[in-house]
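Chains as they are written, first to last, in my numbering: chain A, 1 to 272; chain B, 273 to 547; chain C, 548 to 833; chain D, 834 to 1123.
Calculated from the structure, these hints are not laboratory results.
Be careful, since some hints might not be right.
With the Cβ distance kept under 8 Å, some of the chain B side facing chain C (calculated, not the full set) [claimed, not checked]: (1) V311; (2) G313; (3) L317; (4) C352; (5) R376; (6) L381; (7) N387.
Covered stretches of chain A (in silico footprint by chain C; criterion: 3 or more residues with CB under 8 Å from a CB of chain C, positions within the stretch not fixed) [unchecked claim]: (8) 32-40; (9) 60-66; (10) 105-117; (11) 256-266.
Heads up, the beta-carbon is just placed ideally off N, CA and C, and yes, glycines get one too.
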Amino acid sequence: MPLRRTLVAALTAACLFPPLAGAAETAKLTVTGASTLAPLVSEIAHRFENANPGVRIDVQTGGSSRGVADVRRGIADIGMVSRVLKPDEDDLTVNIVARDGVGMIVNTANPVDPLSRDQVIGIYTGRITNWSQIGGPDRPITVVNKAEGRSTLDIFLEHVQLKPTDVKAHIVIGDNEQGVKVVAGNPWAIGYVSIGTAEYHAQAGTPVRLMALGPVVATTGNVANGTYGAARPLNLVTAKPPEGVAARFIAYSQSPAVHDLIHDQYFVPAPR
Amino acid sequence: MTNLHAVAELHRPPVDEPGPAVPLIRARGVSVSYGARRVLGDVSLDIARGSVTALIGPSGCGKTSFLGCLNRMVDLIPRCRVTGELRLAGADLLDPTLDVVALRRRVGLIFQRPNPFPFSIRHNLDLPLREAGVRRKEPRAAAIERCLRAVGLWDEVHDRLDHAAGALSGGQQQRLCIARALLLDPEVLLMDEPCSALDPISGATVEALIGSLKERCTIVIVTHNLAQARRVADRCALFWLRDGIGTIVEQGTVGQIFHAPKSEITAAYVRGAVA
Amino acid sequence: MSIDALRRRRTARVVDAAVWGVPAITVAALAWLLADVVWHGAGQIDLAFLTTAPRSAGRAGGIAPMLVSTAIVVAIAVAVALPLAVGTAVLLVEVLPPSASAGRWIRRSLDILAGMPSIVFGLFGNLVFCTMLGMGFSLLSGGLTLACMVLPILMRAAEESLRGVPDGCRRGALALGMPRHRAITAVILPCGMPGIIDGLTLGVGRAMAETAALVFTSGYVDRMPSALTDSGRTLAVHVFDLSMNVTGGDRWAYATALVLIGLLLVTAGLLSLASRFLQRKGAHKP
Amino acid sequence: MTSISSRRPAERLFVTGLGLCGAAASLTIVAVIGVTTVEATPALSVAGPQAFLTDDGWFPLSGRFGLMPMILGTVLVSLGGLALAGPMGIVSAVFCNHYAPAAVATAYRLLLKALAGIPSVVYGLWGLVTLVPLIAAWAPPGASLLAGILVLALMILPTVAVVADSAIQQLPPALHRGGAALGMRRHTIAFRVVVPAARSGLATALVLALGRALGETMALLMVTGNLVQYPSSLFDPVRTLAANIALEMAYAQDIHRSALFVSGLVLALLVAAALVVAEVLAPDGTRHVD
Chain A
1 MPLRRTLVAA LTAACLFPPL AGAAETAKLT VTGASTLAPL VSEIAHRFEN ANPGVRIDVQ
61 TGGSSRGVAD VRRGIADIGM VSRVLKPDED DLTVNIVARD GVGMIVNTAN PVDPLSRDQV
121 IGIYTGRITN WSQIGGPDRP ITVVNKAEGR STLDIFLEHV QLKPTDVKAH IVIGDNEQGV
181 KVVAGNPWAI GYVSIGTAEY HAQAGTPVRL MALGPVVATT GNVANGTYGA ARPLNLVTAK
241 PPEGVAARFI AYSQSPAVHD LIHDQYFVPA PR
Chain B
273 MTNLHAVAEL HRPPVDEPGP AVPLIRARGV SVSYGARRVL GDVSLDIARG SVTALIGPSG
333 CGKTSFLGCL NRMVDLIPRC RVTGELRLAG ADLLDPTLDV VALRRRVGLI FQRPNPFPFS
393 IRHNLDLPLR EAGVRRKEPR AAAIERCLRA VGLWDEVHDR LDHAAGALSG GQQQRLCIAR
453 ALLLDPEVLL MDEPCSALDP ISGATVEALI GSLKERCTIV IVTHNLAQAR RVADRCALFW
513 LRDGIGTIVE QGTVGQIFHA PKSEITAAYV RGAVA
Chain C
548 MSIDALRRRR TARVVDAAVW GVPAITVAAL AWLLADVVWH GAGQIDLAFL TTAPRSAGRA
608 GGIAPMLVST AIVVAIAVAV ALPLAVGTAV LLVEVLPPSA SAGRWIRRSL DILAGMPSIV
668 FGLFGNLVFC TMLGMGFSLL SGGLTLACMV LPILMRAAEE SLRGVPDGCR RGALALGMPR
728 HRAITAVILP CGMPGIIDGL TLGVGRAMAE TAALVFTSGY VDRMPSALTD SGRTLAVHVF
788 DLSMNVTGGD RWAYATALVL IGLLLVTAGL LSLASRFLQR KGAHKP
Chain D
834 MTSISSRRPA ERLFVTGLGL CGAAASLTIV AVIGVTTVEA TPALSVAGPQ AFLTDDGWFP
894 LSGRFGLMPM ILGTVLVSLG GLALAGPMGI VSAVFCNHYA PAAVATAYRL LLKALAGIPS
954 VVYGLWGLVT LVPLIAAWAP PGASLLAGIL VLALMILPTV AVVADSAIQQ LPPALHRGGA
1014 ALGMRRHTIA FRVVVPAARS GLATALVLAL GRALGETMAL LMVTGNLVQY PSSLFDPVRT
1074 LAANIALEMA YAQDIHRSAL FVSGLVLALL VAAALVVAEV LAPDGTRHVD
């Protein structure tokens, strides 16, 4: 009787994995929030766990707004927020872990370089629709924009002084990787993504070229030294000033001990 | 074997053992309707223990419906209503509180198309036995052999009992179904045109089998084949449509029906068919 | 030969070509897609990849915890959804009369369920299982959420399969004096088993490939789970994370996807063997 | 008179169990819709339900909640995908049962089942990296209704094919033999006898596939361009309701988040509407004992 067998298997599984009732752990932290930050924080957590036996840190994703909401409701100890906190979020304690610059990318087949801020505005408002209008070949421009609410969109819009409703895009994307792949696959597309991501792909041979969003050259170095303005903070937030293990974990995340991990994720350690 | 009989007895509700004069099955004014449509009206028929009764007549005049009443397979038909009096060994077959499961173990049914389950031959035969509570393997094996021998299938299949029943020929399948019905030692075996889907040779084998089954149980057989009715039956009942409703126009021994019919319909039907 | 006959022969040839053409296109598209995955991913796969934990957010090390989490989550989903689905299908086909409005409503409700996007299941599971029922981010929450998701697939497949069981089997079983519930469990369900297994294969495939519903329920933790109440990242979530959130994770995403596809092929193969075995035991269609 | 009201306790228990299964199964949708409705209520009460249908544009942060372009986008992508995958899936099933040699059929079936288990993000990546650039070279921007339809068709093809295959396999072989005995050609038997005879199962296959299509998220998010607009051609980008949720949920708060749940609710209504249409167009031939 397959049904019965399935049930038996399920029960066996339940016995093999009994609920952890009162197991020997001294502290458990739950961290939720931005998926951009999750791989980094997850790696930091592994290293922290190894250094502090008995501590367990569960990292969950779901977006920056979830990080804020979960911390406020007490579901999570720490929230990951990949943007500047909004005025109505000043009840939270903010700890910046890393920074992430935003730069324009085009395909390597595209000869147009550089782009002025006005030209970018022209492209994103639909005034410039063909690369020939700004010295390129006669090809229609494919404008890649981010979805409403994304923090890179906010930074971009702030930088070019546009409202969301002004933008005339052809493709709307979610994550940075999607932006890179769209531009890599379409020689006449333009988009904006995390500088670290773009740098990695440019080095790895993906046909994308990074361009500055403003006068300063777009490099992670310039983001690190603070000269490149279009960058977002990657934050760990708590409802109250952090205490105990949470405080230690946040301090650890901001310490030089994890800078290699931050570089591994192509972000920039935040200046202390 | 003794075990099986004991089990079969257990499942047989105690009934008053009728005297030889009392018929095993007694129908009085039985009518069947499907919704508003009446298909069988006012059927009265006695069937004696140990006899073979053939229900004959053209298609669509209620023979199968009547058969369905005898083991309450009509329950499966939505909005089917049966009225009148129908008794098996004195027990009321139309009692809505009757245990139909127990009834169907006493009254077996063979379908027009052989319907072995899509399992192995052994599993086909094991199922009803296990269902009747025969837990141990040996009595089951013994019963299977006994019944397969009874239908003459043992020599043909004993070395491939674990093969698919569906791989058997049509005639073998039908004999397997009969063996399956015999396992529970039914008092009555209902057969709904058991040979009509078979080739003549398989049909003849099954027909011969019916003769040998007489000693084990009472048989009621629906058939369109008048020659077959003459060969296997003791008594015949001719069903006929009257005003769109099936009923019995004449019943009697095979001799009466075929050689001295009282009704002109019978005479014409028998003559037309004989000629 | 008449023109009519010629035309008919031409139609036959066109139809035959089309019937061979469709699988050819499908195979070509799949081969293309698979080749893509193999090309990018095969280089990363070795024994260590299957037996060690991930390092550097998945760009080193292996996927062992994800394999275990996936197996547990899918097992929970099947263990919960399969009995429910088969029970519901039996109810619809064998118990309720075909005209019953209850049956129609159950079927409709499951059809609507089948069309809900998986992210809605994820948010639902998060709210109901993780928060309201207090299971937190756990394999259990994930499994239960997946169960809700695959329920319509399993139910529809089981229902269709039971409808295909020949009436002869049904009546035969009842005429043998089997009570209805025994006729169903001993005869009708075994007859319908191949179709139920086909549905199960689809359901398991869907469950193994699911991402959005699990991000919010079984979670993101890439540790080897030690309890059903632990959070655990499944293979599909890992693939998604590597390809969307981890810069430079593409090759590892493809490698993980390749393992996932391999795992599914093995599961589908085993299930189809089981189905074949059942059919060989029966091998008959009256 | 049916045995639903049996006097046997075992059977009564059995039927009760089945009833509970059915109840639990149908309660699932009530719970899912319930949760979605509760979450959607703030946006519905602030903006009013009609705003979601009549507003011009989708700018939830600026209080504009027009879902109509996305409703149309969802319908077009799903129907397009089904229009491709439906016939192809059915032909695939016919191929397995009536054309292919046994070994080929076995291999093909396994292949289809493998297709069903590829995570949608892999379909999405493939579409994004391979298919979209091909279309872009021809008619930019590439990410389009067409790309969505093609990827979706490939994704739901196995659902149609596997369920249709089951349905056709279960038909009595007598049907096929009967056709052959009448001197019918193979394709006539397959498409004039077998397919019509299996229509209940084929309808199930299509309904399941449509469900999958309407709810598909990740793959479409990567290839359709996600632009909220009424497409004027196959090469125009569109956004589907499910992609809308996945795209914006991560950063959405308050009314914006609630508005995304309205997308989910609208999607459920869309599925219900599709079912009504399906029931009207093809009243299903549910058979039963007798």
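Okay, the hints, checked on the actual structure:
Hint status for B:V311: violated, given a least beta-carbon distance of 18 Å to chain C, over 8 Å. Because the closest C-beta pair between B:G313 and chain C is about 25 Å apart, greater than 8 Å, the hint is violated. For B:L317, the suggested interface contact is broken, since its CB lies about 21 Å from the closest CB of chain C, more than 8 Å. Against a cut-off of 8 Å between C-beta atoms, the interface hint on B:C352 is violated, since the closest Cβ of chain C lies about 12 Å away.
Among the interface hints, the one on B:R376 holds; its C-beta lies about 4 Å from the nearest C-beta in chain C, closer than the 8 Å criterion. Because the smallest distance between the Cβ of B:L381 and any Cβ of chain C comes to about 4 Å, under 8 Å, the interface hint for this residue holds. Checking B:N387 against chain C: minimum C-beta separation of about 3 Å stays under 8 Å; hint holds. Only residues whose C-beta sits within less than 8 Å of a C-beta in chain C count toward coverage, and the region 32-40 of chain A has 5 of them, enough to reach three; the restraint holds.
With a cut-off of 8 Å between beta carbons, the region 60-66 of chain A has 3 residues touching chain C; three or more are needed, and the interface restraint holds. Proximity of the region 105-117 of chain A to chain C, defined as three or more residues with a beta carbon under 8 Å from a beta carbon of that chain, is not established by the 0 residues found. With 3 residues carrying a beta carbon less than 8 Å from a beta carbon of chain C, the region 256-266 of chain A meets the three-residue requirement, and the given coverage holds.
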